[in-house]
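J.: Residues per chain are reported as follows:
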Amino acid sequence: AQRVTQPEKLLSVFKGAPVELKCNYSYSGSPELFWYVQYSRQRLQLLLRHISRESIKGFTADLNKGETSFHLKKPFAQEEDSAMYYCALSGNDYKLSFGAGTTVTVRA
Amino acid sequence: EAGVTQFPSHSVIEKGQTVTLRCDPISGHDNLYWYRRVMGKEIKFLLHFVKESKQDESGMPNNRFLAERTGGTYSTLKVQPAELEDSGVYFCASSLYYTDTQYFGPGTRLTVL
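Chains as they are written, first to last, in our numbering: chain A, 1 to 108; chain B, 109 to 221.
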């Protein structure tokens, strides 16, 4: 069975401070990991996927197979980063399994 | 290029009624997925179409839910009869190949009273 855990429901940080969203997963094979983001009144959109190894909007995430984690990080949070963030996993069948989501609020 | 569209954006019905949700994927995308998020729970996979064929419907909760994709273009998800626990947001996503990024629609918020 595949499972994604996001332990933080809410995360509040000040503008300019670092932000880290935790994501742990369980999967018996080699999964692909994603971070999706949903800004207020917008649709769910892909932020990054681990195979592309890109940095999008200053966010990075490293897949740690030993700790089965895929934490999302940004060194300096901006107000426009306030959103709902979902960690997701797909296996061989490519259907997505989502975590419960973390609501991030960046305060001025 | 137009993104994934869903109709309606919001539907309020009474228990026992029928509702049909529609999803128009990005043009040319063979892969179409349905997901839903019910109150307080994670977004869950419902099913996956490749063109007009159901590739995986393991997430469909019960036989009150019927999904179709005639002609391999748009898809409909019918709930008949609707129950209170069906309330939630229903998302559609599409991708060109099954290994590609899934692009999501805005969702349909279903409220069953």
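Certain hints may be false.
[Said to hold, decoys possible] Covered, in the sense of this in silico footprint (three residues per stretch, anywhere, with C-beta under 8 angstroms from a C-beta of chain B), are these stretches of chain A: (1) 43 to 52; (2) 69 to 79.
[What the hints assert, rightly or not] Computed cross-link-like contacts, DSS-like style, restricted to lysine-lysine with a CA-CA straight-line distance of at most 25 angstroms: (3) B/K123 with A/K22; (4) A/K9 with B/K186; (5) A/K65 with A/K15; (6) A/K22 with B/K149; (7) A/K9 with B/K162; (8) A/K73 with A/K57; (9) A/K65 with B/K159; (10) A/K22 with A/K9; (11) A/K57 with A/K22.
Rather than coming from a laboratory, the hints here were simulated on the basis of the structure. Ideal Cβ positions, reconstructed from N, Cα and C, are used throughout, including at glycine.
J.: For every hint, state whether the structure bears it out.
T.: Hint-by-hint comparison with the structure:
Remark: the segment 43 to 52 of chain A is confirmed as covered by chain B, as 5 of its residues place a Cβ nearer than 8 angstroms to a Cβ of that chain, reaching the required three. Restraint check on the segment 69 to 79 of chain A versus chain B: 0 residues with Cβ-Cβ distances below 8 angstroms, three needed, restraint violated. Distance restraint check for B/K123 and A/K22: the Cα-Cα separation of roughly 38 angstroms exceeds the 25 angstroms cut-off, and the hinted pair is therefore not satisfied. A distance of roughly 32 angstroms separates the Cα atoms of A/K9 and B/K186; the hinted pair therefore is violated under the 25 angstroms criterion.
Among the hinted pairs, A/K65 with A/K15 is inconsistent with the structure: their alpha-carbon atoms are about 31 angstroms apart, more than 25 angstroms. For the hint pairing A/K22 with B/K149, the CA-to-CA distance comes to about 18 angstroms; that is within 25 angstroms, so the pair holds. For the proposed pair A/K9 and B/K162, the alpha carbon gap of about 34 angstroms is over 25 angstroms, so the pair is violated. Taking the CA atoms of A/K73 and A/K57, the gap is near 11 angstroms; set against the 25 angstroms cutoff, the hint holds.
With a C-alpha separation of about 34 angstroms, the suggested pairing of A/K65 with B/K159 is violated against the 25 angstroms cut-off. A threshold of 25 angstroms between alpha carbons decides the hint, and for A/K22 with A/K9 the separation of about 10 angstroms falls inside it, so the pair holds. For the given pair, A/K57 sits about 18 angstroms from A/K22 by alpha-carbon distance, which is consistent with the 25 angstroms threshold.
When the structure is compared with the earlier hints, violations turn up for hints 2, 3, 4, 5, 7 and 9 and for no others.
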